[in-house]
Amino acid sequence: MKTTIIAIRGVFVALCAASGWLVCYTVREWDHYWWLAAGIGLLIGLLVVLVDVLLKGFSLRGLSAITFGLAVGALISYLVGTSPLFDKGEDQIVFLARLALFIVSTYLCTVIALRGKDEFNLVIPYVRFVPQEVDVPLVVVDTSALIDGRIARLCDTGFLGGALVIPRFVLRELQAIAGSNDPQRQARGRRGLEVLNDLRRIPRLEIRVPESEVAKPEDVDAKLVFLAQSMRAKLLTTDYNLAKMAEFHGVTWLNLNLLAKAVRPELMLGETLEVELVKAGKDEGQGVGFLEDGSMVVVQGGREFVGRRVNAEIVSVLPSAGGKIVFARFPQELV
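Numbered per the UniProt record's numbering, the sequence shown spans residues 1 to 335.
Treat the hints with care, as some may be off.
Here are the simulated lysine-lysine pairs, DSBU-like style, with alpha carbons at most 35 Å apart [claimed, not checked]:
no.	residue 1	residue 2
1	Lys234	Lys324
2	Lys56	Lys223
3	Lys234	Lys56
4	Lys223	Lys234
5	Lys261	Lys282
6	Lys223	Lys244
7	Lys261	Lys244
8	Lys324	Lys261
9	Lys279	Lys223
10	Lys279	Lys324
Everything labelled a hint here was simulated from the structure, so no lab data went into it.
Can you make the complete structure from the sequences, with help from the hints?
Dropping the structure here:
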């Protein structure tokens with residue numbers, strides 16, 4: 001993409017120089033100044049390319065906000081300029097007053113539109129060529145949910161319907177974490193980027209990346225809540241403070257931890273479960289394994305089966321801070 005843009009810029013500058021030479025060629029009196037005309041055309045082309053480079057990062061959202069601000073400013077200056085306030089007075093003074101009014105009003109409206117371009121695009125959204133009656137549920141995703149990783153598995157199952165909204169500033173924050181000098185932060189950021197790529201590969205999953213930015217890193221949480229509130233979307237995060245801020249503003253919070261607890265199977269006494277024993281227990285003869293939800297299973301007499309998958313009968317279930325501790329034993333016919 002970068003090579004293509006450089007080639008286009010080179011062709012544009014060459015065409016500007018050729019246009020200057022052609023203009024000189026059409027006027028016979030300028031035949032001796034063809035090199036000057038070509039140089040002027042070349043400079044004009046370079047100036048336009050320079051403006052293009054300076055506008056790097058200027059999005060379509062910003063352009064639409066500027067257009068809207070100019071239109072509103074011109075309308076305001078026209079309405080005020082044609083009012084009875086300018087009926088009397090010298091023509092030169094009236095003209096200068098109207099010109100100053102036009103310049104000031106368009107400038108102020110343009111600046112206001114740029115500062116509130118997110119709100120502006122909510123008032124006049126982009127045309128997406130989608131029927132307006134189709135209401136697609138939206139879920140705003142933050143950095144912590146991407147780093148957590150469970151969102152990819154959840155979307156792959158198809159239980160999380162709707163479109164994911166990942167703002168541009170969330171992607172920049174994730175890239176900054178991945179490029180950190182701290183090895184732990186770097187590992188977390190890279191895992192988030194891997195999860196993002198996993199989401200991209202999920203078929204039928206719609207991912208939207210709004211061109212929204214924040215001026216300061218500490219404004220990220222407030223901007224996420226604002227976007228979710230404005231889009232009438234839900235917020236998917238594992239950040240407790242952000243979740244509480246969202247609840248205060250009336251934004252629905254999708255809690256992955258509560259979801260994980262809700263889908264845990266209810267373990268009943270006497271049921272048989274299959275578990276892989278990974279280590280020996282504290283007491284003699286015990287083998288320890290873990291269920292998919294993280295619950296620990298202690299199998300009496302399972303030490304000799306460490307490293308193998310076994311079927312064990314549930315004897316008792318005790319709640320703990322990290323989940324559940326399941327005590328089991330081998331069925332009587334295996335003893």
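Against the structure, the hints come out as follows:
Between the alpha carbons of Lys234 and Lys324 the distance comes to roughly 30 Å, so the proposed pair stays at or under 35 Å and holds. Only pairs whose Cα atoms come within 35 Å are accepted, and Lys56 paired with Lys223 is accepted, the gap being roughly 23 Å. In summary, the hint linking Lys234 to Lys56 is supported, as the alpha carbons are separated by about 32 Å, within the 35 Å threshold. For the hint pairing Lys223 with Lys234, the CA-to-CA distance comes to about 14 Å; that is within 35 Å, so the pair holds.
Proposed proximity of Lys261 and Lys282 is supported: the alpha carbons are some 27 Å apart, at most 35 Å. Proposed proximity of Lys223 and Lys244 is supported: the alpha carbons are some 14 Å apart, at most 35 Å. Straight-line distance between C-alpha atoms of Lys261 and Lys244 comes to about 20 Å, which keeps the hinted pair within the 35 Å bound. The straight-line distance between the Cα atoms of Lys324 and Lys261 is roughly 11 Å, inside the 35 Å bound, and the hint therefore holds.
For the suggested pair Lys279 and Lys223, the alpha carbons sit about 47 Å apart, so the restraint of at most 35 Å is broken. With a C-alpha separation of about 18 Å, the suggested pair Lys279 and Lys324 falls inside the 35 Å cut-off, and the hint holds.
The structure fails hint 9 only (numbered hints given earlier).
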